[in-house]
Every structure is written in C-alpha cells, then in structure tokens.
Amino acid sequence: MKKYLPLILLILLIIFPLIGRDDYHRHLMILVLMWVVIGTGWNIIAGCTGQVSFGASAFFGVGAYTAGLFSFKLGLSPWWGLAVSGLVCMALAFPFGWISFRLRGPYFALVTLALGEILRHIATVWESLTGGMVGILIVQTYVSKVPYYYMVLALAILSVVGVKVIMGTKWGYYFLSIREDQDAAESLGINTQFYKMLSLNISAFITGMVGALYMVYMGFIDPKVVFSLHDISIMAILVGIVGGVGTIYGPVVGAFIMVGLQEFFRTGFFGLFKWLGAVTDAQAVKVAAKYVSEAHVLGFGILVVLVILYLPNGIVGDWGKIIGAFIPRRKKEVQR
Amino acid sequence: MRKRALLMSLIFCLMGILAGGALAQDKVKVGVILPLTGELAKFGEIERKSFILGVDEINAAGGVNGKKIELIIEDTGGKPDVGRSAVEKLISQDKVIVIGGGYSSSETWAAVAVSQQHKIPFLVNTGSADNITEQKWEYIFRLSPPVSEYPQAVQSFLTKVGDVKNVAIIYENTLFGQSGAKDFAAQCDKAGFKVILKEGYESGAVDFKPLLIKVKSAKPDLIYMISYIMDASLLMRQSKELNINPKLFIGGAAGFTLPEFKKNAGDATEYVYSATLWTPSIPYPGAKAYFDKFQAKYNSTTEYHGAEAYACIYVIADALKRAKSLTPGDVREAMAQTDMMTAFGPVKFISYGKMTQQNKLPTFLVQWQKGKLETVWPENVSTAKYIYPVPPWSKR
Amino acid sequence: MEVFLQTLVAGILKGGLYGLIGIGMTLIMGVMGIINLAHGQLMMIAMYITYSLFQFLGIDPYVSLLISMPALFLLGMAIQKYTLNPLLEVESILPENQVLMTVGIGMVLTEIIRFAFGSDYKSVQTSYSTSTFFIGEISFSLALTVAFFIAVVFTILMFWFLLKTDMGRCIRATAQDKDAALLMGVNSKRITIITFGLGSALVAAAGSLLIPIYYLFPDIGGPFTRKAFVITILGGLGSTVGAILGGLTLGLAESFGATYIGMAFDDMIGLIIFILVLLFIPGGFKRLTKI
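Just so you know, the sequences run in chain order L, A and Y. Here our numbering is used: the first residue of the first sequence is 15, the next is one more, and so on. Here our numbering is used: the first residue of the second sequence is 4, the next is one more, and so on. Here our numbering is used: the first residue of the third sequence is 57, the next is one more, and so on.
The following block holds chain L by itself, in its conformation from the complex:
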C-alpha cells in the first residue's frame, strides 16, 4: 500500500482538473504545486546537502524577473523568459556558490539571507531596469487555469522525481556525506565544493523555473512580492521542515499542509466560524472569528516551534513516531 501511495497521488493530481471544475480549488492546487517545487528546491540544498539556505527568494525572484523582463524590456513573450529562467538562476548560483561555499552552517545561511535581501534592494532601486516598486504587469496568456495547472504539475513531477533519481545515484550519496560530515567527506576524496555547487545549481534551477511560472500565471510581480524574505524564503523553510527535511516526499506533504493551513485560517476554518456566528448570533463567536483569521501567522509560528521540538525530521521523516503515538502499544510489542 505504502509503495503505491505516490502513484495514487500522482494519478489523482493528473485527473484533478477534471474532477475539481471549480476555479478556486484549481487555483489552490496550483499554489500547492508551486510550493512543492520551491520546497523541493530548498530541500535538495538544505535537507539533502546540509547547507541551510535562507535564500530561496533570491532564485525565485530572479526567475520571476527573468520572465517579467523578457516582456517588459525586450517585448518578447514571457514564455521565453520561462524557458531561460532556470539557466539565468544557475548563472547567479554559480558565482554565488563559488564565493560563499567556503562558509559553513549558520554563516552560509546568513549569506544566502543577505543575497535575497540585496537582490530585493537592487530590484527596488534600479527603476530604469525593473520598474522599481511599480512592478511588472503582464496580461495572462490563458483564461483557463488548466494549462497553468499542468505546467506547474509537470514541473513539480520533474523536480520531485528528479531529486528522487539524483538521491539514488552516486551524487546523492555524496550530498548526504557532505551533510553528515563535510570534513570526513573531504578526506575521503569527495570534491565537496563541486558537489555543493551542483546541489545549489539544481536548487536554483527549479526555484527559478517556478518563479517564472509565478510571473506568467499571476501576471504581476514587484520586488516585495517575489524577493520576500518572509513570504518566500522562510515559507520555503517551513514547507521543508514541516514536511520532512531531507526526505523526497516531505516538501509535497509540507506544501499541502502549509497552503492548506493558510487558506484554512484565512477563511476562518473554512467558514465554520461564520456559520456559527450566523446560527448563534453570539458576539463571542464573531470576536473569535476575527481573531482566528488574524492568527494564521501565529498558528504557523507555533506549528514551527512544535514541529522542531517534537518532530525534528518533519511529518514524513518522523512518520513512524506519529504512527507510534496513535497505534496501541501492543502492536509495537509484536514488532519487537
């Protein structure tokens, strides 16, 4: 059963637009799949290679701006930008990695954070190129959401399967060895600089692609939206942590949970509070409903604290632990 779970999920995702004809649900699914890609991009560099990055926004933003600038500056279709965005991000990742991979652990994390922030400032200040905070606005190509859905689904499948394949090869083992002990890996003759660079470039490539997809799908970007430390970089980390650091399907689970939770809180538990308020007409419920919608970031924060404390390897990574907590003890004894 467990073996077929990804396959079943995949089939469900492929036929989803046929079942869910509602544009609202399709939009939510597109967001989920985008986060699957961003989360996977974060996971390969941070979860699998151990180089925690606060810089997902840097690559996401550069990808989005690549697509945007193709139409804004060159007058071409933004789809051309989508085609090259991954490569542009790799072109950024290469010198960046070359310079900053001499740093380790938290210091590397801080440099990635600084990279995202610096790029945001550049995009804001360089008005003649990027339009500054006025942003870039394009008209979407398709009215229907289905083409976008399948595009982002294809990218999500590509990245998840790609990471799965990579992690099964020699490269994957090198990545893991760097995460576990970089000095030991080095002494065994692994070119750690090269493999860290490889990992970063894969991450940059897929994050940039999804950034460009965001541009063509949403039709609007500004520096604050796509280079956001909080809404992109930290959210990417949350997706990774909640789902499961260093696992293949962790970001998939994380993306469903994070986007789902955001919508859950935003709509006041999917309208539950509103309904209660309408039925009981009690002031207390209305006040509670207002607080619930305000509390979604607080909810995220508490979730992070709890997950790190009790499920440090995320839902996928600690699945055994979760199951163990629910299934009665005697089953465990049988296993023993």
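Treat each hint with caution, since some may be false.
What follows is a set of in silico ranges between Cβ atoms, one per label pair, in the way DEER data are often shown [as the list claims (entries may be wrong)]:
1. V175/L - L239/Y: 45 to 51 Å
2. L239/Y - Y18/L: 52 to 58 Å
3. G241/Y - Y18/L: 54 to 60 Å
Straight-line C-alpha distance at most 27 Å; calculated DSS-like pairs for lysine-lysine [to be verified]:
4. K122/A - K327/A
5. K178/Y - K266/A
6. K178/Y - K373/A
The hints are simulated quantities; they were obtained by calculation from the structure and are not laboratory data. Heads up, the beta-carbon is just placed ideally off N, CA and C, and yes, glycines get one too.
With chain L fixed as given, assemble chains A and Y onto it according to the hints.
Showing chains A and Y alone in chain L's frame:
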C-alpha cells in the same frame, strides 16, 4: 481509531452543508477583498470598518429594492496570490455578483484580472497603479484617482502662487513613492522648476539626518516628500532639528494629513503643506458626517482610505438599485452609467488618456495652521488663506 | 565640511545604539554558537513593555529600563530553557535546528504582540524627544546622545563582568570550549540560559533607549535582527569591544552611504559589508583587537 475518523469526517461534511445552506436567499451578495492581516492590516481594517458602516446604513434605509446587502469580506494579507485565492473563492464559491475593495496595487491587479475573466464587475477603491484601468477591461471600474494624478493641485498652486525655482524630492521606495516622485519630477520639468535632488529611501529608517543634511546644503526652495506617517514625522522633526529653511514643505498625500502625524511630529508640523484626495473638511456632502459617524461607532479616527471604501459601497448599492436584474452583466451596465455624489466626491466613470472607466477627481492642497488642518487650495473651496512663504524655524 | 561633520556625528550616535544591540547578540552567538534570528523581536517586546509603562503608568522610558531589562532577562532565560536547550537532546538531521527555532519564536512573539496591540504605529512622546543641542553648526539629538553614553556604560560593565567575575569567566570558558568547560565543572546548560537572558536584557536596554526618538509596530524586529547579525559578524563572536566597534562601523557606513551614495542604499551597504567581512576577515574585528 477508524470509527473516530469516520465520525470526524461526517461532522465536517455536515458543517459544510449547513454552512452552505445557512445563507439566506433574499440577500444580495457583495464581495470585498482587503488586507486584514500582515503589514497592511491597519489600513485594511479602516476600510473594512467603513464598508460595514456604509452597508449598515444602506440596509437600514431599505437595502437594494427591499433586499439586504450581504458583505462577504475576504482577507488577502496584501499578497497577490492570496488575493487571487480570495477572488476565486468569492466568485466560484460564494457566487457574488459584484466585488469591491483592493488595497495594494499588487493584490488589486491579481484580483481584477480574475474578475474580468469571469465577467464579474469589480469596483477598485484604493489600488492606485495607473495600468489597472489601462487594459480596456469593461468589468473593471476605479473610484480613486491613479497615482500619477495625486500632485495636480500642488502643480497649479506652485505655478500660480510660488516663486519656486529649485525643488528637492524625497520619497519612500514603494509603488506610491516611486511613481509619485517620477510624475512630480516630470511635472516640475514641464513647469520649468529645477529638480536639484531626487532621492528615495527605505521606509523605517531611524535617522534621516544624512539625507536631510544633503538637502540642506543643496538649498532648495521647495521640499516635496512622499512618506507615510512615521517617516513623515521623523523627517519633519529632524528638519527642524537641522534648521532647514526652504520656502515651503509639501507632503505628497499619504502620511502628512493624518492626526498621528500631528501627534508624533508636534510643532514641527506647523505650516507644512500636503496634497490630498480627501480630508473631513473638504466640501463634499457627507464627508464630515462620515468622519463623525466613524469616530462615534469605532472610537478611532479614519482617513482617506476609509472614505474611499465608504463611497465604494454606496456606488455599488447605487448600481445594484438601478440594475435591470441582479446579474453581473446588468450590474456592470448600471455601474457604467453611475453619476452620483458620495462622501469621497462625485463619481462618474469616464475614459480619458489611456484610462477607461476611471473616476476623475480633483485633488486638494491642505496646510497645517495653528495645529489644525486647513484646506488652502483650490481657492474656491479653501477654509483658510495659505501662508507663504513659510517662516524660518528660528522665527516661529 | 558641515555636511561631513553632521554625517559623522549621526553615524557615531547611531553606532552606539547599534553596538548595544550587537553586544546581546554577540554573547549569545559566542556562547551557543547559534544565530538568534529572534533578537530584533526580543527588542520589539522590550519596546512594547516600555511603551505600555509610559502609556498606562506614565513611567519615563529611561526609568523603565529597570523593568524592561529584568523582564526580558526572564523571557530570554525561559526561551533558552524550554525551547532551545531541549533541542540539544533531540535527534535531528540538521544541526541548524536551533536557528530555525529562533525564526519560529520570532514569528510567535511578533504575532502575540499584534494580537495584543494591533498593527498600528505607536510612539512615546516625551519632553526630550525632539530636544537638540548644538556644538557649532552641528546638531546633536539629546535622546540619541544619552543613548550613546548609556550604551558605552553597559559595554564597560559587560566587559568588567566577563573579565572579573566568576560567572563571566564561566561564560567565556563555555564560549571558548564547551566540552572543556564542562569538564572543569561549569554547568554549561545553566550558563547558556543565563547568557541568553543577559543578551535579551541588553537588547531590551537598546529598545527602551530607542523609543523616545523612534516608533514601534509589531514588525519592527526584523530589520534590527538583520543589523544585529551584521554587527556581530563585523565585531567577532563573543567580543563586547568588537560589538561596539562593529556597531560604530555599521552606523558610520550607513550614514556616509546615505549622504554620499544614497539613502536608498543604506540597508544594502550594511549587507554588502557583512558579506565582505565574512569572506575576507572571517573572525571580524576580534581578530584585530584580540578581546
């Protein structure tokens, strides 16, 4: 375990059905998107309260041809992707026939594109990027002026009154600041003023002195600032500390007209001019009344964003009343014919320049005089005579 | 010349305050080896405490230092004891879990404040908020000058504390080598708890000193966290003198950047200095000053 799961899912299903069924039939559903969480929440909250204030009045007066308006307010967090989720939900789940709101330009853009695709009329009341109404989208209307028109009154004031030659422009690096500064600089060039300094800053700086000392040594006649309340207060306070004496200070809308500005900058606000779209003292019927009602109901002060929201719901109600039937298409037709007076000014959707279905409003110039905000320009609506040039700090 | 001197003064005064923010961070980073990404948020909490005391009880911000610092000391200790120390025992893939935890804590603190106070801007207007005095043509903000001198006093006190007291020696020993300190009979867990408390109390002082001339809202923490880690990396981990030098450097760099390059670049200048220092002087100023 399994039983419990089954029970839980059953309860949730039930809730969903009930939630859907609980909505009454004799109501007109109007959707509103606003940022109620995140950084922009404080403005979203003012607009939300104004929408509710307006809709309560309309419903108390009989609603729309006997039917009550039901507001469905969705939070966007100020983010375009969430804003889009909100509009998709309003249209496909709640089946609203008209939508209002839209605070930041980014969320507004994402939202109106969806609305146009689904052919649901959308009345933008704040999102101010010029290009929102430049797409020839027949379902999108805008109540507020585009950002490029904010400094109009300043321009006419300067050409008729001032002997200003050199201008310094300080602006925050936001959509509002950057495009406002660019437009103002272009207008200065046209009018023959020399822009000797034009500089942006990142909102939230502790210390503006390095920037201001540069302004001081450039000796401008006019300092034009586009800033929100707190930066505006610090800028004025530190201008006073540094003893900078241009002929006049003008704020470009945003923070310079709000009561908090006075509270935070104290006597440094005296004689400061500001461009504005709306203050309670401008001579529109209902403007002052709206301000008072808001204060009485919520015990907090409102500002021009609130007035926009308040006017927005009245325009929507007006269109709903005149619509042949309560379908999005007919409501659009009715809204296109709008010609009414609101607390925010006259509303009529016209096409000019590149814009379509855009409401054109005059802008005003106000000045702080003896701690009170007086409308000083255009002269036919002024409440006090402008004071120009402004006396230097040492002679106050 | 006036432009230059005024910029210099503005940079030094701001730098003193930055130094105070940096000392707290540098202690925490030095002893625990983790980056506290909730540092600015702790300062935000202290600012709200100061604000409430002023608003509801009329206590002057300088007097409320006596309340906000102990309060944050306790809060910091609680955070270390109940959220960060347990992580040492948890099996996890990423050693950076503690850093990620501070991100989560920062979010929780910000949102709790948003819940309690709303997201409006608040400010404290004291009689001396806008007071200035002049030396020649150069204007000095009274509140910033006072803050600068208090920051210097705190630095000297910290320096003395670390150098001369038993507790200070234990802290330094733990920072140098945790295992060795443990073997010498230092209760390193207790030390980390106290250090986090001390760091929080110091940043609380910075918050209370900043309030008369600034304003506050729940999201104010983020930018200060960023400044704090830039200062710490500049100064070198665990070095109080380094933190003051780092703060001054950042303050001056921002001021001169704003005057001679452009105000829009002042944040960027800090971050670029940060990257350069990390890459080329990895130990920060500590390498040069040795303390």
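Structure-based check of all given hints:
no., hint, result
1, V175/L - L239/Y: 45 to 51 Å, "holds (50 Å)"
2, L239/Y - Y18/L: 52 to 58 Å, "holds (53 Å)"
3, G241/Y - Y18/L: 54 to 60 Å, "holds (57 Å)"
4, K122/A - K327/A, "holds (17 Å)"
5, K178/Y - K266/A, "holds (11 Å)"
6, K178/Y - K373/A, "holds (24 Å)"
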